[in-house]
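Each chain is listed here by its residues.
Protein chains: 2
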Amino acid sequence: MRCRHLSKIIGILIIFLGFAMIFPILCSLVYKDGSLLSLLISMGITVVSGAVLYIAPGEASIDYISQKEGMAIVAVSWTCIGFFGALPFYLGGACPAFVDAFFESVSGFTTTGSSIMTDIEGITKSILLWRSLIQWLGGMGIIVLSLAILPFLGVGGMQLFKAEVPSPVPDKLSPRLTDSAKILWLVYISISMAEVLLLLFGGMDLYDSICHTLTTMPTGGFSTKNSSIAHYDSAYIDYVILIFMVLAGINFSLHYQMLRGKTLIFWRDSECRFFLLLCIGLTLAVSFDIYGTVYDTLGEAFRYASFQVVSIITTTGYGTSDYEQWPGFSQVIIFLCMFIGASAGSTGGGMKCVRIMVAFKYCSREVFTLIHPSSVSQVKMNGNVVPGHVLRSIMGFLTLYVAIFVICSMAVAAMGLDMVTAFTSVASCLGNIGPGFGDVGPTENFASIPYGAKWLLSWCMLLGRLEIYTVIILLAPEFWKK
Amino acid sequence: MRCRHLSKIIGILIIFLGFAMIFPILCSLVYKDGSLLSLLISMGITVVSGAVLYIAPGEASIDYISQKEGMAIVAVSWTCIGFFGALPFYLGGACPAFVDAFFESVSGFTTTGSSIMTDIEGITKSILLWRSLIQWLGGMGIIVLSLAILPFLGVGGMQLFKAEVPSPVPDKLSPRLTDSAKILWLVYISISMAEVLLLLFGGMDLYDSICHTLTTMPTGGFSTKNSSIAHYDSAYIDYVILIFMVLAGINFSLHYQMLRGKTLIFWRDSECRFFLLLCIGLTLAVSFDIYGTVYDTLGEAFRYASFQVVSIITTTGYGTSDYEQWPGFSQVIIFLCMFIGASAGSTGGGMKCVRIMVAFKYCSREVFTLIHPSSVSQVKMNGNVVPGHVLRSIMGFLTLYVAIFVICSMAVAAMGLDMVTAFTSVASCLGNIGPGFGDVGPTENFASIPYGAKWLLSWCMLLGRLEIYTVIILLAPEFWKK
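Residue numbers (my numbering), protein chains in the order written: chain A, 608 to 1089; chain B, 608 to 1089.
Same shape as in the complex, but just chain A (with noise of 0.2 angstroms):
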């Protein structure tokens, strides 16, 4: 590990995050809410932190950069990005101590939306702007934003890449790194574009059609309101925002391939038919079960399902309704969709689609096996076989996941939480949803949650964020060996 020389990367990554700071700083200087000193100071210690980080003395050329390497910048970055973007709620008095600011923060860039605001409609509009555009940025990845800005650091970027955004099946958008960095936030931004044009039309404000559309992108789930898209009790909006969730939800690079013409890729995509399939029957199962009992009319029943179900399973996390006091059957539904989660290559979080389809496989072919014992059966996916390494750690992720929420479940109940918010609150956390069961549920936040857990669930975030690997080796002590 060349401490000295990668801190250089890091330390631009801060001042790149320094001047991101700009947009909120406008936003108070527009509506001229009080918070402009904060936001000026917060700017300055960020971009001069990341200045003394990238000036210190060290080796100036980064020719390569070895997936070790890769990973240990990654997971440091995101653990400063989160400290450094906590200065604008801690100095701008919107959080009380700082383990709030900084989970509030966490919870922004790796888009899980879980808060510890009780008043959201209190805070000034310059930092919920901040709060909604930390989602964005770190939705599609503030590491591959700036691979696309500067050039410069594509040299030895694949394994910053490939740390930031882990699939277990690599997509190569383009022989060039920056190139498909590039394109990534092209798609990013234009589905952005039009999903505050259709908000506007449906009467929400510029402010906070910009703002919903910050976090709807990046399935990240912060809202400008205390109710959040229950605020507006507009059926217009919700299917809005239910239609950019999904697209959200799915693999970008297939909208990339989408908007070059191969009009069916969302349905020969075997992993985004899943998705989509998935999200169509756990929504009829849902209005079903919540129609007559919950509500009168199948439009109605519909409507909440649809959205409830589709904004846990792409992790984005917006409420239209307290779906603690659905049947216990929706329950279990809106449980499980925290583990499932959305598309690999998407904003979403969570096990993944393609993951719980190979693990599917996986037993398949282990129950085929035992019938045909002298058979040799592959996995495939799209048609091509999943090679062995691949799988292996498909199956190690998922393991590890469990074994992550079990562990984190049991150190949150320790520190004095019940046994529904301990399991929920982790499970939120890891798959980067936002609210849970119990005393984080949906009309709940995270706000009386111990300072302990706090900072625990803030780790469980950048855990779910990076698909875990990334961070999980640095606990490694093998890691750490020369």
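Hints were generated in silico from the structure; no laboratory data involved. Treat the hints with care, as some may be off.
The list cannot tell twin chains apart, which means a pair is met if one copy fits it or any two copies do.
[As the list claims (entries may be wrong)] Think about it this way: if two alpha-carbon atoms lie no more than 30 angstroms apart in a straight line, the pair counts; the simulated DSBU-like pairs of lysine-lysine are:
#, residue 1, residue 2
1, K769, K789
2, K832, K732
3, K789, K675
4, K968, K987
5, K1088, K675
6, K789, K615
7, K615, K869
8, K639, K832
9, K675, K987
10, K968, K1088
Given chain A, put chain B in place with the hints provided.
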């Protein structure tokens, strides 16, 4: 599949089960409890049904059984055994509906210990003896017992043995199968006799001592008292039963080796060491959690914590304390114990310690590979490399276990159970534990569960007892192809 041919074997097993009803019949004669007639009728129906299957036309000689056929025989036999074992409960009037009797019977044979009986002390002694006896028979395996006693089944019996006592890393006690079966049963009987004596010494009467032994050794958990072991309120009895639960949770081949003079084998065997350390570690964690909050002295806290942790992790399910009144941390531990389970080759259920260990090593290997991409590392247990196909089978098992847990939880929730009851009832039945949380908590039972859920949970118990593959294989369309 040579169905005609194989039904003979099932016939023999059913006849065998019928003759086991001699014991409750003798008990009924001794206590004159009025259940004699219903027991005689049950025995008659069972023996005659078995005989009809046996004498039906078909080839007489059974010279070879394939793995596939072995699994089919065991899965079908266990279902039949559940059916015929239910007759005394149904005809004796202990269960109002046949599904209740079937649930109770399967819960017995699979050593689950979940009950639908609300007033156990109101049931006749002979029926309760049957209820305990079927746990004892199911614990070591009724087919294994048949193999030990009926040598003509030995031909091709290896496939039956492997299907009934599935073990990720099979132990070879003796090159001859019937000898292995005899050794296992002799060890089982010896330890059982020791427990009866120790319980008698503690002041429990002979009948209760025998019944509780018959349900401790198979990690079953049926009691003859409404309040389970809490009824005796005796530290001596608690600790005696605790020790025998631990013994029952250890691989029986280790007991055999211990008896042959290998005194340190419990510590040398890595799974056994893991299991014992887990029991100690979790007991201490729970003790400190409930000390001061539920119990005033550390001694009391340790007594109840150790009993309950061991009762659940060995999948016995006895109760001395209502763990639903414990703090969240202890509840989370109890719930997780339901999944961990005891050692492979023991009478306990759950995922089994060895599989948890292998999964952990599997994940470690993946992380190691990320750090040293060009290295080749293997998973080892007890110093031996775990072969690839065993590793795949274990990872497949764990994934299937979780998948079945998830799907069955959804299904029972759809039948009207609330979320906590749905998840924990399935976890409890799949792990062959006994109690769960919520409506199936330690102070409640399964009586109020809808009929559909009782059928499904009975199937879960069979899945758990036969370690999934043996049962799930029957659902594969591939299995039924010529």
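Right, here's what the structure says about each hint:
Taking the shortest alpha-carbon separations for K769 and K789, only the intra-copy value of 15 angstroms comes in at or below 30 angstroms, while the best inter-copy value is 57 angstroms. Only within a single protomer do K832 and K732 lie at most 30 angstroms apart by alpha-carbon distance; the minimum there is 11 angstroms, versus 65 angstroms between protomers. Only within a single protomer do K789 and K675 lie at most 30 angstroms apart by alpha-carbon distance; the minimum there is 25 angstroms, versus 54 angstroms between protomers. For the homomeric pair K968 and K987, the shortest alpha-carbon distances inside one copy (8 angstroms) and between copies (26 angstroms) are both at most 30 angstroms.
For the homomeric pair K1088 and K675, the shortest alpha-carbon distance inside one copy (12 angstroms) is at most 30 angstroms, but the shortest distance between copies (49 angstroms) is not. Only within a single protomer do K789 and K615 lie at most 30 angstroms apart by alpha-carbon distance; the minimum there is 23 angstroms, versus 70 angstroms between protomers. In this assembly of identical chains, the alpha carbons of K615 and K869 never lie at most 30 angstroms apart, being 41 angstroms within a copy and 60 angstroms across copies at closest. When the C-alpha separation of K639 and K832 is checked against a cutoff of 30 angstroms, the pair qualifies only within one copy, where the shortest distance is 20 angstroms, while the shortest distance between copies is 73 angstroms.
Both within a single protomer and between protomers do K675 and K987 lie at most 30 angstroms apart by alpha-carbon distance, with minima of 29 angstroms and 25 angstroms respectively. Proximity of K968 to K1088 under the C-alpha cut-off of 30 angstroms is restricted to the inter-copy arrangement: shortest distance 20 angstroms between copies versus 37 angstroms within a copy.
Figure legend: structure checked against the earlier numbered hints; the only hint not met is number 7.
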